[in-house]
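Participant: So the chains spell out like this:
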Amino acid sequence: MTVEEVKLEVKANGGHGAKDQFPVGMRVLAVDDDPTCLKVLENLLLRCQYHVTTTGQAATALKLLREKKDQFDLVISDVHMPDMDGFKLLELVGLEMDLPVIMLSANGETQTVMKGITHGACDYLLKPVRIEQLRTIWQHVVRRKSSDAKNHGNDNDDSGKKLQLASAEGDNGGVNRNKRTSRKGRDDNGDDGDDSDDSNENGDSSTQKKPRVVWSVELHRKFVAAVNQLGIDKAVPKKILDLMNVENITRENVASHLQKYRLYLKRLSADASRQANLTAAFGGRNPAYVNMGLEAFRQYNNAYGRYRPVPTPNHSQSNNLLARMNSPSAFGMHGLLPSQSLQIGHTQNNLSTSLGNVGGMNNGNLIRGAHMPLQDSSNCFPTGPSGNSFANISNGTTLVPTNNLPLHSLEPSNQQHLGRMHSSSTDPFNSFVGESPQFPDLGRCNTTWPTAVSSSNVHELGQKDSMSQPNLRVNGPKLEPLSSFTEASSQIPLLGNETHGQVASLANTALPMPFNQEAVPFTYGSSANSREMLNNNLALSNSGINSSLPNLRIDNSVVPRQTLDGGNSGGGVPPLQDCRIDQQAVSSQLNYNNDLMGTSRLQRGLSGGLDDIVVDMFRPDRADDGVPFIDGDWELV
Amino acid sequence: MECYNLQRQAACLKRSLFDQGYLDEQFCQIEDLQDEASPNFTEEVVSLFFKDSARLMTNIEQAMEKNPRDFNRWDAHMQQLKGSCYSIGASRMKNECTSFRNNCGDENAEGCMRSFQKVKREHGVLRQKLESYIQLLRQAGPAETATRPGCA
Numbered sequence: 001m002t003v004e005e006v007k008l009e010v011k012a013n014g015g016h017g018a019k020d021q022f023p024v025g026m027r028v029l030a031v032d033d034d035p036t037c038l039k040v041l042e043n044l045l046l047r048c049q050y051h052v053t054t055t056g057q058a059a060t061a062l063k064l065l066r067e068k069k070d071q072f073d074l075v076i077s078d079v080h081m082p083d084m085d086g087f088k089l090l091e092l093v094g095l096e097m098d099l100p101v102i103m104l105s106a107n108g109e110t111q112t113v114m115k116g117i118t119h120g121a122c123d124y125l126l127k128p129v130r131i132e133q134l135r136t137i138w139q140h141v142v143r144r145k146s147s148d149a150k151n152h153g154n155d156n157d158d159s160g161k162k163l164q165l166a167s168a169e170g171d172n173g174g175v176n177r178n179k180r181t182s183r184k185g186r187d188d189n190g191d192d193g194d195d196s197d198d199s200n201e202n203g204d205s206s207t208q209k210k211p212r213v214v215w216s217v218e219l220h221r222k223f224v225a226a227v228n229q230l231g232i233d234k235a236v237p238k239k240i241l242d243l244m245n246v247e248n249i250t251r252e253n254v255a256s257h258l259q260k261y262r263l264y265l266k267r268l269s270a271d272a273s274r275q276a277n278l279t280a281a282f283g284g285r286n287p288a289y290v291n292m293g294l295e296a297f298r299q300y301n302n303a304y305g306r307y308r309p310v311p312t313p314n315h316s317q318s319n320n321l322l323a324r325m326n327s328p329s330a331f332g333m334h335g336l337l338p339s340q341s342l343q344i345g346h347t348q349n350n351l352s353t354s355l356g357n358v359g360g361m362n363n364g365n366l367i368r369g370a371h372m373p374l375q376d377s378s379n380c381f382p383t384g385p386s387g388n389s390f391a392n393i394s395n396g397t398t399l400v401p402t403n404n405l406p407l408h409s410l411e412p413s414n415q416q417h418l419g420r421m422h423s424s425s426t427d428p429f430n431s432f433v434g435e436s437p438q439f440p441d442l443g444r445c446n447t448t449w450p451t452a453v454s455s456s457n458v459h460e461l462g463q464k465d466s467m468s469q470p471n472l473r474v475n476g477p478k479l480e481p482l483s484s485f486t487e488a489s490s491q492i493p494l495l496g497n498e499t500h501g502q503v504a505s506l507a508n509t510a511l512p513m514p515f516n517q518e519a520v521p522f523t524y525g526s527s528a529n530s531r532e533m534l535n536n537n538l539a540l541s542n543s544g545i546n547s548s549l550p551n552l553r554i555d556n557s558v559v560p561r562q563t564l565d566g567g568n569s570g571g572g573v574p575p576l577q578d579c580r581i582d583q584q585a586v587s588s589q590l591n592y593n594n595d596l597m598g599t600s601r602l603q604r605g606l607s608g609g610l611d612d613i614v615v616d617m618f619r620p621d622r623a624d625d626g627v628p629f630i631d632g633d634w635e636l637v
Numbered sequence: 001m002e003c004y005n006l007q008r009q010a011a012c013l014k015r016s017l018f019d020q021g022y023l024d025e026q027f028c029q030i031e032d033l034q035d036e037a038s039p040n041f042t043e044e045v046v047s048l049f050f051k052d053s054a055r056l057m058t059n060i061e062q063a064m065e066k067n068p069r070d071f072n073r074w075d076a077h078m079q080q081l082k083g084s085c086y087s088i089g090a091s092r093m094k095n096e097c098t099s100f101r102n103n104c105g106d107e108n109a110e111g112c113m114r115s116f117q118k119v120k121r122e123h124g125v126l127r128q129k130l131e132s133y134i135q136l137l138r139q140a141g142p143a144e145t146a147t148r149p150g151c152a
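Going down the list, the sequences are from chains A and B. Going by full-length UniProt numbering, the first residue of the first sequence is number 1, and it counts up by one from there. Going by full-length UniProt numbering, the first residue of the second sequence is number 1, and it counts up by one from there.
Wrong hints could be hidden among the right ones.
Claimed, not checked - Quick look at which bits of chain B chain A covers, simulated, 3 or more residues with Cβ under 8 Å: (1) 20–31; (2) 44–58; (3) 70–80.
To be verified - SDA-like cross-link-like pairs, simulated, lysine to any residue; straight-line CA separation at most 25 Å: (4) B/K129 / B/D19; (5) B/K118 / A/K69; (6) B/K51 / A/P82; (7) B/K51 / A/I249; (8) B/K66 / A/G108; (9) B/K66 / A/T136; (10) B/K120 / A/N107; (11) B/K51 / A/D85; (12) B/K118 / A/P35; (13) B/K120 / B/Q20; (14) A/K69 / A/A270.
As the list claims (entries may be wrong) - A few chain A positions that, by computed beta-carbon distances, are all more than 10 Å from chain B: (15) P35; (16) L44; (17) L46; (18) H51; (19) E67; (20) T110.
Because the hints were derived from the structure by calculation, they are not lab data. As the structure is a computational prediction, the values presented were derived from the model and not from experiment. Where a beta carbon is used, it is the ideal one built from N, C-alpha and C, also for glycine.
Start from the sequences, fold in the hints, and give me the full structure.
Facilitator: Written as structure tokens, this is what we have:
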């Protein structure tokens, strides 16, 4: 970047009036909840002749940044803050505003520093901060700008993209970043990643002055929708750009944003385990939750190992949940969720984990599926998205096609749930297969299912990665599993218990089908009665399921699922669970999918973590952040 | 110590604080930041620190009462307090904070109690001494800011 460019940048940024004096007058936003530290930091920065704005709250910082995006050059943020995790803020700033962010903490452990790096920090300073360290932070700003300029110049789709990817890899690898620990202006490694990101971000070829493209919530939403539509695997900037159909952004902008998004998703999936608020999100009480739930799920899937929902005896609950799930809001959210979740789980990892388990379906499908189901929310999945959700289930798809499982709608979330289902036991399924009559409504499912179930698919589903992933899979076959569940009861200890009910409930929501089961399932408790329960569930009106789908339900069922996953030898968790994946179900499933345990925790956590992110990103209205979605009792296995 | 005038007294006090490990060089940096633009910076930071740290310590105390054995919570609070200590250079207090956090890590409630008492004690002592110091500085007048013999 030439001096002129710097100057232009400075000017463009609202100028400090000291065009030639950069870094003097560089505009820094400092965020730290500790007033003592903040005050000291402020003065240190002033001593370096920067222009300083301080705030003790991350939320305020975000607000400031959003309102005055062009008025800051650099953000310095503490890691430990009460209202929002510093890393989250870091991600959001990186995604939305693409400003260099420096993390600050008294904690200098390698993992924490690494985390900062992987979240995109361009530097990590240890408290107490010395003024010498602050004197050189301006280099991050310059570096970012110059990489923008450089990338912009060299850009062509492929190379630019590759560069980004490479950077992303580098970032993720953290190898380079390790050197950062010294923190003293050694941002070469870190900046490489940043550079490519930045360069794409401001792809305004017409002028040297690159106006920052701010990824507003709307824009990001479109982006996510486009990515979902294309499939995370196939999402390339050019196509995304075309789909988005927005003016004033270039392929480079999209590419860079995509890179960040992938990182973000990856991180989310990695953080899933920490998000115990999934349950909260699960409730689907408000879109935020749902979204969160999904996300949480995703995360859960990935991260949770064992979350075992305790069977919740009340159907009503499930009914309610299901109902809720079916509710427009739920769906709406769902719709949002998928994208969101997709977004979050955008990273390949996420998708694959949650969805992928199923059968290796690719995330792309899931995502797509996810969208679809939402629309259907109310239908059991007659149309069944078919491909996506079911696919998850086990490669197989045998389940899927046969069933038409409503899972369709569930897909996105279902997959997760579903996944769980099958995992538990293929056998149950098989047994179930015979039953068929169980689910009148399922009918479709039943018939098809049994066949499907009997197939190894179910098995596969179950197998899919230890439950955690199942969510995705289950979608389609959900219906079936239910029946199988009942059969399997003995086989599927888990299923019998909660899962059945849950599945049913889930399914119900998704499917009008008479998943009365749901009512029953909850009662199940004992595996032996799974069949009965299933039957019962089926008997229950679908409505029940809808309501019952409550996140918790799924949780319960989740448990079974889990066991299915793990324990069932072959039972293969009945995909039924998945079938139900109603939005709520899905989310709930997500919750309990695989990790069952994690789910509720996830939800909780999610609401905390993802919630923040999601909410921040999309700013959905959050009725209750803390509302636990899962009503059931979850016990951590 | 033979400190004749206020300035000397202030300087002596500061030096002793450093020698005894109550303060570390971060405090020097704080004093460094005091200039014409912020003539009372040191005093402001010190009072801010004590106000905030008192609050944090109350939080910790409450957490220890209401959330027994919730080590994560305790640790989180203490992390904040420790960060503050870092910023001002409160060395001994910071060490006690560290040992508290170690006890949290070991899930040693007894140890935490003890450490916390030590933190409180250090906090009290430091507060006293720094208040005296600030007093002396104030009395000594602005010229005092120029001399910092105690800085390590």
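Participant: Go through the numbered hints given earlier and state which of them the structure violates, listing their numbers in rising order.
Facilitator: 5, 7, 8, 9, 14, 15, 16 and 17
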